[in-house]
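If you're matching them up, the sequences are chains A and B in order.
Heads up: the first sequence is residues 0 to 275, going by numbering that gives the first Met the number 0.
Heads up: the second sequence is residues 0 to 371, going by numbering that gives the first Met the number 0.
Keep in mind the hints are simulated off the structure, nothing from the lab.
Glycine included, each C-beta is placed from N, C-alpha and C at the ideal position.
One or more hints might be untrue.
[What the hints assert, rightly or not] A few chain A residues facing chain B, derived, Cβ under 10 Å:
{"id": "1", "residue": "R73"}
{"id": "2", "residue": "Y93"}
{"id": "3", "residue": "H101"}
{"id": "4", "residue": "D112"}
{"id": "5", "residue": "R113"}
{"id": "6", "residue": "G124"}
{"id": "7", "residue": "P250"}
{"id": "8", "residue": "R253"}
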Amino acid sequence: MLEIEATSVVLNGTTVLSGVSARVASGGWLGLVGPNGAGKSTLARAVAGLVSYEGRILIGGREQAASDWRNRARAVAYVPQRPVLPPSMNVTDYILLGRSAHHSYLGAETAKDRRVSAAVVDRLGLRTFCQRRLAELSGGEAQRVVLARALVQEAPVLVLDEPTTSLDLGHSQLVLELVDELRDEKGISVLCAIHDLTLAAQFAENLLVLCHGRAVASGTPADVLTEVNIRRFFGAEVEVLRSGSGLAVTPVRRRVPVLTAAVANLSPSDRHLNSI
Amino acid sequence: MTLTADVKTSDTQAPPLDDTDGLGAPALRPTRLTVGHVVLGAGFLLAAAIVSILVGPAGLPAGPVLVEVLSRLPLVHLHSGLSATGVVVVWQLRMPRMVLGGLVGAMLAIAGASYQGAFSNPLADPYLLGVASGAGLGATLVVVGAPVIGQIPSDLLPVAAFLGAVLAVAATFALGRSRASERSAASLLLAGVAVAAFFTAVQTFLLQRSSPGQLSTVYSWILGGLSTAGWSQVELVLPYVGTAMVVLLACRRLLDVMSVGDEEATSVGVRAERVRLVVIVAATLGTAAAVSVSGLIGFVGIIVPHTIRLLAGPSYRRILPLSVLFGAGFLILADLLARTVLSPAEIPLGVVTAFLGAPFFLVVLRQARRLG
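Can you make the complete structure from the sequences, with help from the hints?
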């Protein structure tokens, strides 16, 4: 169980996250959506303990800021948006890095570490990749390998920051389906920042919309992803199509002069971006 | 995005499916130091050590020298038949010089390898953060200051070089750390460049105002050499070099974790900044001690680790222990050349390592690029 209570983050004097609260049950999936610069990644990184924050972030009732680094790594596994993949490291060594918080600090992996990792490797179908160098992996394979490294941490909370950014539709689906099955099997709480609103709607139980560092809407995808909300928070003209399998967010081509419409929908603080 | 259907598996590894943990599932096989690697490294070091004991301007016969060395081993009772002078040459000249060369070479190589890991930068070594310029300034101050303060005992030079090196890196660290912590690795390197430039400027100013005699003393120290090596210098550096090596070897797995960057290392439970600090302190103290007795021997910290990387892969679990063995052997051989090629004159050791090292390194680099 992950509880985020009135969490704020200030980076270099700028408030990038302001009083955000959320809760993810064991086995739950909370999707973080919002326009660029809304604070999705910052919230993900705060939960992973990578930026200092005000407020409280509790995992299994324990305040994260009070934990040491090793305990934090056992409580939260984090998949960054652009993971660093040392090109000539092999897949096995890379995945085993995720066990760092479980074996002695200076020592080597134990038999248990290798057993746990082997199970994850088999679960994600990575057995044939084990001896490959990371540079030899395709984008979809690499994302599965990074996910494996996070899963061997055996943490109750899994934080994913835009896990599908560099993947095509099929691979995006595959990775999200894997995460979905694993949270179900192991009761992992998933916090997933994601751009694609349609995928977000299909996989997340609940969505939290961030805009300018504030939580502006939350609830089930059907409640949150309305045409009105999306116009208001994303500055996008869309049609939300509902079908048996969930809902789909489709952009609608605007009939008014583009710049006028876009600028009118952006907030003042975003406007300078357009002039760059 | 390429789908790599027929990519060959890494050739340093055995096939993955041939052993189990006793549970039916094939176990994962992480990269570890192998016996073969250690035997190779130890063999190289031993061969270098033996050749360097046997060869020298005194022209001692090889057989008796070997017997003399063996006779000092416990439980071995042999008589070499060497003259008293020969025994002194072996035990007071060649042996300490070989041991010191080995210690310095091992230290420079493991320090370079550790720095490269801690900074995720293939060109990093302690010299880059100011060890070289600091030690150079320290030595210069002693040589130039000697006539001013009166006679100065000669063993002050290593102490001053050591202190200068430590001071320069401390300055680098203090200046580099005060910047945004996100980019601490890059900003440390930049601060190192600035500190080195400053120390070198001071040193150049002092040298420019010094006498030709002082200039040549400092110059020959900077170029490096072991011509004055004795047991006292071994005793001087051993505590620092020994401690530094133990600490760095203990960090070898952590350096593998550092290769995914500070943020991800932190997310799996390893404080990257703290590891970097420990590595910098240990490698700097060890290197400062080494250069204080050997002068500024360049390139060892770059070529030895990179050659090992090419042969044994990117894991610091292999690179660090092998750097100790190959670094020691490499410097012993380089010193052998330095003292024999133009005998009885000596070539500065730093010249030999760069003269041999630079072309060799270029070949290694071309190979590495071909292998991707």
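We went through each hint and held it up to the structure:
1. A least Cβ separation of about 7 Å between R73 of chain A and chain B falls short of the 10 Å threshold, and the interface hint therefore holds.
2. With a cut of 10 Å, the hint placing Y93 of chain A at the interface with chain B holds, because the nearest CB-to-CB distance is about 8 Å.
3. Checking H101 of chain A against chain B by beta carbon gives a least distance of about 8 Å; that is within 10 Å, so the hint holds.
4. The interface hint given for D112 of chain A is met, as the beta carbon of that residue sits about 9 Å from the closest beta carbon of chain B, less than 10 Å.
5. With a cut of 10 Å, the hint placing R113 of chain A at the interface with chain B holds, because the nearest CB-to-CB distance is about 5 Å.
6. Because the beta carbon of G124 of chain A sits about 14 Å from the nearest beta carbon in chain B, more than 10 Å, this interface hint is broken.
7. Annotation: interface hint on P250 of chain A violated; nearest CB of chain B at approximately 25 Å, more than 10 Å.
8. Given the 10 Å rule on beta carbons, the hint for R253 of chain A is violated: about 32 Å separates it from the nearest Cβ of chain B.
Consistency note: the structure conflicts with the earlier hints numbered 6, 7 and 8.
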